[in-house]
Amino acid sequence: MKETLFMGKVTAAMTHEIKNVLAIIRESAGLAQDLLVAAQDTTFPYKERFSKIMDKIDTQVVRGAEIASTLNSFAHLPDYEVRNEDLNSVIDQMLLLSGKLSRTNGVKFLIEENAKSVFMEEDPLKSRMILYRVLEFLAPLIGKGSEIQLKSLKNETGTPLLGLFVKTAAPGQSVIERIQSLPEWDSIIQELRSRNTLIDAKVELNALLINFGK
Amino acid sequence: MKDWKVLLVDDEKEFVVTLAERLGMRGIHTETVFEGDGALKKLETYEPDVMVLDLMMPGMSGLTVLEKVKKLYPKIEVILLTGIGSTSEGLTGMRLGAFDYLMKPLQIDELIQKIGLAISKGSSTN
Numbered sequence: 000m001k002e003t004l005f006m007g008k009v010t011a012a013m014t015h016e017i018k019n020v021l022a023i024i025r026e027s028a029g030l031a032q033d034l035l036v037a038a039q040d041t042t043f044p045y046k047e048r049f050s051k052i053m054d055k056i057d058t059q060v061v062r063g064a065e066i067a068s069t070l071n072s073f074a075h076l077p078d079y080e081v082r083n084e085d086l087n088s089v090i091d092q093m094l095l096l097s098g099k100l101s102r103t104n105g106v107k108f109l110i111e112e113n114a115k116s117v118f119m120e121e122d123p124l125k126s127r128m129i130l131y132r133v134l135e136f137l138a139p140l141i142g143k144g145s146e147i148q149l150k151s152l153k154n155e156t157g158t159p160l161l162g163l164f165v166k167t168a169a170p171g172q173s174v175i176e177r178i179q180s181l182p183e184w185d186s187i188i189q190e191l192r193s194r195n196t197l198i199d200a201k202v203e204l205n206a207l208l209i210n211f212g213k
Numbered sequence: 000m001k002d003w004k005v006l007l008v009d010d011e012k013e014f015v016v017t018l019a020e021r022l023g024m025r026g027i028h029t030e031t032v033f034e035g036d037g038a039l040k041k042l043e044t045y046e047p048d049v050m051v052l053d054l055m056m057p058g059m060s061g062l063t064v065l066e067k068v069k070k071l072y073p074k075i076e077v078i079l080l081t082g083i084g085s086t087s088e089g090l091t092g093m094r095l096g097a098f099d100y101l102m103k104p105l106q107i108d109e110l111i112q113k114i115g116l117a118i119s120k121g122s123s124t125n
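The listed protein sequences correspond, in order, to chains F and V. So for the first sequence, numbering that gives the first Met the number 0 puts the first residue at 0; every next one is plus one. So for the second sequence, numbering that gives the first Met the number 0 puts the first residue at 0; every next one is plus one.
Next comes chain F alone, as it looks inside the complex (with noise of 0.2 Å):
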């Protein structure tokens, strides 16, 4: 068995563990909150609180739900060898998983609503791996309170391409002209040049455009 795959079962097998134990405390606090309703004891002075309480544990639950659901699609993706999928799973999948790396750096990552498909045939790992990769490059360069707008697109013979435009805090600053003049930006060209990939910058878009290749 690949270490990848070994990595993806048990991480897997896993996130099914955390449901349930995100089952069980759902299931206890509602049950706490009914004991409250049933009991209709107003002199009880934090009923107001108790109930807010309740109501911030079962959104954490939602929210942990949703991770370990993204969690586990992602333990499974050593399963595909090449798939043919959406640009913007991709994008959706890793942007959930970044939250992270959004929150350190203090600045947004976000995806074009009701953006068009884009399909494309492609080892499912290796594009989340360079999507973080990039972001991980990116995050820190582009300053505290920017944002990065996530697109899939395709270029003038069909190709598809993952765009990273960059909305800095300080409004005018051109930041991809200045990061193509660090030291970095050729160890990373050269890093994803090896993993097939292309990066490219658009210093007019403000945006890095990832061509995965095949």
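There's no promise every hint is true.
To be verified - Between beta-carbon pairs, the in silico distance windows are:
1. V:LYS70 - F:GLU135: 45 to 55 Å
2. V:LYS12 - F:PRO182: 33 to 43 Å
3. V:GLU46 - F:THR41: 34 to 44 Å
4. F:ALA200 - V:LEU101: 27 to 37 Å
5. V:TYR72 - F:GLN59: 32 to 42 Å
6. V:LYS70 - F:ALA37: 36 to 46 Å
7. V:GLU109 - F:VAL9: 36 to 46 Å
8. F:LYS201 - V:GLU109: 39 to 49 Å
9. F:SER50 - V:LEU116: 46 to 56 Å
10. V:GLU46 - F:GLN39: 48 to 58 Å
Unchecked claim - Selected chain V positions facing chain F (in silico; Cβ < 8 Å):
11. GLU11
12. GLU20
13. GLY58
14. LEU62
It is worth saying that the hints were derived from the structure and are not from the lab. Just so we're clear, the structure is a prediction, and the values are computed from it rather than from any experiment. Even for Gly, the Cβ is constructed at its ideal location relative to N, Cα and C.
Fit chain V to the given chain F structure using the hints.
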């Protein structure tokens, strides 16, 4: 709702016991079992309107229990509980005769709604 009889089958005891108590508070008679084999044994003495059955259990799997229940007790409607990434198992279950499936963690109101629909279906076909 007071006449509804439900059997919860899941190896996560804390989950099942708590959920049963919540359903009980809403007037739904609920019994619990923590394994697939046990579920079949329980049906010899207790015939619920609806069985809420987890798919991922040690020993006899949820799908195997479902197949046996539909064969031996076709009147019992079965609602499956799936984990993540197991939507396809939920659909397989429906092909095997399950009424519907839900993903954990559950919304109790949604579960009760499904139980109600399952019972309505059962009474209209019986």
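Comparing the hints with the structure gives:
1. V:LYS70 - F:GLU135: 45 to 55 Å: For GLU135 (chain F) against LYS70 (chain V), whose Cβ atoms are near 54 Å apart, the range 45 to 55 Å holds.
2. V:LYS12 - F:PRO182: 33 to 43 Å: 58 Å, violated
3. V:GLU46 - F:THR41: 34 to 44 Å: 42 Å, holds
4. F:ALA200 - V:LEU101: 27 to 37 Å: 48 Å, violated
5. V:TYR72 - F:GLN59: 32 to 42 Å: 39 Å, holds
6. V:LYS70 - F:ALA37: 36 to 46 Å: Given about 40 Å between the Cβ atoms, the range holds.
7. V:GLU109 - F:VAL9: 36 to 46 Å: 31 Å, violated
8. F:LYS201 - V:GLU109: 39 to 49 Å: 46 Å, holds
9. F:SER50 - V:LEU116: 46 to 56 Å: 29 Å, violated
10. V:GLU46 - F:GLN39: 48 to 58 Å: 35 Å, violated
11. GLU11: Holds, because the Cβ-Cβ distance from GLU11 (chain V) to chain F comes to roughly 5 Å (cut-off 8 Å).
12. GLU20: At about 6 Å, which falls below the 8 Å cut-off, the nearest Cβ of chain F leaves the hint on GLU20 (chain V) intact, so it holds.
13. GLY58: 16 Å, violated
14. LEU62: 15 Å, violated
Hint compliance for this structure: hints 2, 4, 7, 9, 10, 13 and 14 are not met, and every other hint is.
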